[in-house]
Amino acid sequence: MILGILETAKREMQRLVCRRIYLLTMVVIPIAMSLFFLSLLNPGLPLKVPTAIIDLDNSTMSRKITRSLSAMETIEIAEQATSFNEAMDKVGRGDIFGFFLIPEDFEQEAISNRTPTISYYSNLTYFIPGTLAFKGFKTIAVSTSGNIVLTTLVAEGINPQQVETLLQPVVVQDHPIHNPWTNYSIYLSNSFIPGVIALMILLVTSFSICSELKQGSSIKWIKTANGSILGALIGKLLPQTIIFSIIGIFCQSLLYGYNHFPLHCNPLVMIYAIILFVIATQAFAVFICSLIPNLRLAVSIVSLIGILSFSITGFSFPVESMYGAIGIFSYIIPLRYYFLIYVDQALNGLPLYYSRWYFIVLIAFPCVILPLLPRLKRALSHPVYIP
Amino acid sequence: MRHLIHNISKWTTSLYRVWRREFRLVFTDAGVVIFFFLLPTLYPLVYTLIYNPEIVRDIPVAVVDNCRTTSSREFTRMVDATEAIKIIGYASTLNEARQWHAQKACYGILEIPEDYGKNIGRGEQSSVIFYSDMSLLIRYRGFLSAMTDLSLATGTKIRQKLYNSDSQPINSSSIILGDTTQGFASFVIPGILVLIIQQSLILGIAMLGGGANERRLMNRGIDPLAVKAPATATIIGKALCYFTIYIPLVIYILYFVPIFFNLPNIGNIVDYLLFIVPFLFSSIFLGMIFQRAVTERESSMLIVVFSSVVFLFLSGLTWPRYAMSKLWIWIGNCIPATWGVEGFIRINSNGATLEQNTLPYLMLWLLTCCYFIIVLLSELLTKVKTPYNHS
Chain A
1 MILGILETAK
11 REMQRLVCRR
21 IYLLTMVVIP
31 IAMSLFFLSL
41 LNPGLPLKVP
51 TAIIDLDNST
61 MSRKITRSLS
71 AMETIEIAEQ
81 ATSFNEAMDK
91 VGRGDIFGFF
101 LIPEDFEQEA
111 ISNRTPTISY
121 YSNLTYFIPG
131 TLAFKGFKTI
141 AVSTSGNIVL
151 TTLVAEGINP
161 QQVETLLQPV
171 VVQDHPIHNP
181 WTNYSIYLSN
191 SFIPGVIALM
201 ILLVTSFSIC
211 SELKQGSSIK
221 WIKTANGSIL
231 GALIGKLLPQ
241 TIIFSIIGIF
251 CQSLLYGYNH
261 FPLHCNPLVM
271 IYAIILFVIA
281 TQAFAVFICS
291 LIPNLRLAVS
301 IVSLIGILSF
311 SITGFSFPVE
321 SMYGAIGIFS
331 YIIPLRYYFL
341 IYVDQALNGL
351 PLYYSRWYFI
361 VLIAFPCVIL
371 PLLPRLKRAL
381 SHPVYIP
Chain B
1 MRHLIHNISK
11 WTTSLYRVWR
21 REFRLVFTDA
31 GVVIFFFLLP
41 TLYPLVYTLI
51 YNPEIVRDIP
61 VAVVDNCRTT
71 SSREFTRMVD
81 ATEAIKIIGY
91 ASTLNEARQW
101 HAQKACYGIL
111 EIPEDYGKNI
121 GRGEQSSVIF
131 YSDMSLLIRY
141 RGFLSAMTDL
151 SLATGTKIRQ
161 KLYNSDSQPI
171 NSSSIILGDT
181 TQGFASFVIP
191 GILVLIIQQS
201 LILGIAMLGG
211 GANERRLMNR
221 GIDPLAVKAP
231 ATATIIGKAL
241 CYFTIYIPLV
251 IYILYFVPIF
261 FNLPNIGNIV
271 DYLLFIVPFL
281 FSSIFLGMIF
291 QRAVTERESS
301 MLIVVFSSVV
311 FLFLSGLTWP
321 RYAMSKLWIW
331 IGNCIPATWG
341 VEGFIRINSN
351 GATLEQNTLP
361 YLMLWLLTCC
371 YFIIVLLSEL
381 LTKVKTPYNH
391 S
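Chains A and B, in that order, are what the protein sequence lines are.
Numbering-wise, the first sequence is residues 1 to 387 according to the numbering used here.
Numbering-wise, the second sequence is residues 1 to 391 according to the numbering used here.
There could be a bad hint or two in this list.
Below, simulated DSBU-like cross-link-like pairs (lysine-lysine); rule was C-alpha separation at most 30 Å, straight line [to be verified]: (1) A:Lys90 with B:Lys326; (2) A:Lys135 with B:Lys157; (3) B:Lys326 with A:Lys48; (4) A:Lys135 with B:Lys86; (5) B:Lys157 with A:Lys138; (6) B:Lys157 with A:Lys64; (7) B:Lys86 with A:Lys138; (8) A:Lys223 with A:Lys10.
Worth flagging that the hints you see were computed from the coordinates, not collected in a lab.
All chains, please: the whole structure from these sequences, using the hints.
Next up, the structure:
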């Protein structure tokens, strides 16, 4: 059997070199996509959200608010609007992601205790800039109110230090564990790059297996492996496993080495994880091919699953909050377990013990599909291509 | 003059014949039917169902209360009452809480220091510490806004108790535009819908091209199912065929899906349907360009599928375009979905008019023209390579 595996591996390597599409999908696309994400998200946080201010009061106080707004790190006063309608129009045109409105006679009413209302509008149709604008506006609104209280109370004779406490008696010290910069690239690159690798593994595995069916070369393939389907599969997929693992480790080196993203575990743990993840994803593709031994359908289905897995594995929206009937599908996708290992090990630096199940599941993927292999062998022994 | 009229009518006839033949090709190819019909029908539903719970509520949080006074317990109760946070229990030490976090029993830890109650009683500033898991930023966002609101509310409350002055000198009101519920599906789905239209068009057209190529390979360079027609009629005829197929689909995707799931849909339907016309044509011609790169039906998917992720990011839906570097902005400018997503979101979610979206609208027409010219040139060039003797 070993001989058969070696022969098949040799045959497979020839096949891989023969077609440009393999070079493109196995090497060029994963690396290019990693560079794409890292370059696109390089700033970490999209600071300086373009916003506008409508100052209908034009008093000392309102100008002070404008100054504090433009001093904020997260927002930038890109436009001056003279009316509410003008600002709304700018939101509709996409020039600004929110605006801050100071009403007429604001200073006068504030000083004479008539409680004027300042309002701020944040456009949440774009989540990140909308949220950043909202946060900036809110901070200013609160501190403006605080400053006025401070002035009044100090005038009443209360110790300024005590007033400071009164403004904010409870301070919440916020500690984002291991990502204190709230860097979006750490979060998005670490989930989307493995996602792209998984997508390419699924596509290449099912394409390379089922195109043997289309070309009618599958009988020869099985024969090279001395008639053993297991040997044939191992021989065929092993070269791909090696290539994808090297690419995966290279992408990890971009993340953790070149970009210094959090890696609070032994690097070997993540390397093992990506190798197991590559094998588990290949097994998943073999599973689909055994169920539907047809090139076009198998490739269509793995591409649909590959794209959906970006959402369903819960990178952006947690699985616990999804509907149960939908969230359950995240557990059959190898990508989810790799992501959980990354969170536990690289990001949170937990003891390996807590991630044991994720490793076990990744190892289980190739074992679970073994009973389906006779079915795949039957299909491969009688290749029919239905266009 | 008569000659001209004759030519025009001949051109129109061949245009019609191309259109009719392409219809037959689309409906007789199971793969294309999947991409043209099944995918745009089901994907919007599946995607929306994934994100439809919209808001992350009651994220488990552990409390380490080193103070153990009425005021610290009251603070904990208030934390528990927020929408985002659910207190799962008291851990005796920070280490115990960290263990809970390691077991994924909680995603945040609230630590109340020993002197919390004492400081409050004395009228001094006191602080609480919140540790938040950073694996998913949506959880962090929930924690942060809940804790900030709470800190402000406690401030007001304590101020009232101590000085009996509810002197809130200024009211402030926050108005959320577009995605008023701040839900996740309401934010992401309108953009995804537009992207689905573009990608399904490109995939289907690329697969049709792969099929034609395979037929040519089997017939010594001649596709027996192609209609003999001038290049312009071939391209426009095919484009019109796909356009006709997509009109009902677009109405279903952009009008009905947001209504089904109660997503933002305050746009004027005439505005966004007019807006989507150049989007469809530019996507169709972009698909025809992709078609050139495809030699085989199935390999089309290997190349096209991953591009969905690229186009999603370039459109600025997840990462805003103003923060991108010039290079990515320019590449994004060349993709119909970038302008399509931008325009449709503004019309649909912000109630903008077509006039406010002049730039995306004109850019889409520009892309349509550019891509048409590219397709036309490459069609003419390949015509020279494989002369047509077939009728």
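Hints versus structure:
Straight-line distance between C-alpha atoms of lysine 90 (chain A) and lysine 326 (chain B) comes to about 23 Å, which keeps the hinted pair within the 30 Å bound. Restraint check for lysine 135 (chain A) and lysine 157 (chain B): the C-alpha separation of about 22 Å stays at or below 30 Å, so the hint holds. Restraint check for lysine 326 (chain B) and lysine 48 (chain A): satisfied, since their Cα atoms lie roughly 16 Å apart, inside the 30 Å limit. Restraint check: the Cα-Cα separation between lysine 135 (chain A) and lysine 86 (chain B) comes to about 23 Å, which is no more than 30 Å; the hinted pair holds.
A threshold of 30 Å between alpha carbons decides the hint, and for lysine 157 (chain B) with lysine 138 (chain A) the separation of about 19 Å falls inside it, so the pair holds. Simply put, lysine 157 (chain B) and lysine 64 (chain A) have alpha-carbon atoms about 27 Å apart, close enough for the 30 Å limit, and the pair holds. Distance hint between lysine 86 (chain B) and lysine 138 (chain A) is fulfilled; the C-alpha atoms sit about 24 Å from each other, no more than 30 Å. Between lysine 223 (chain A) and lysine 10 (chain A) the alpha-carbon distance is near 14 Å, which keeps this suggested pair within the 30 Å criterion.
The structure shown violates none of the earlier numbered hints.
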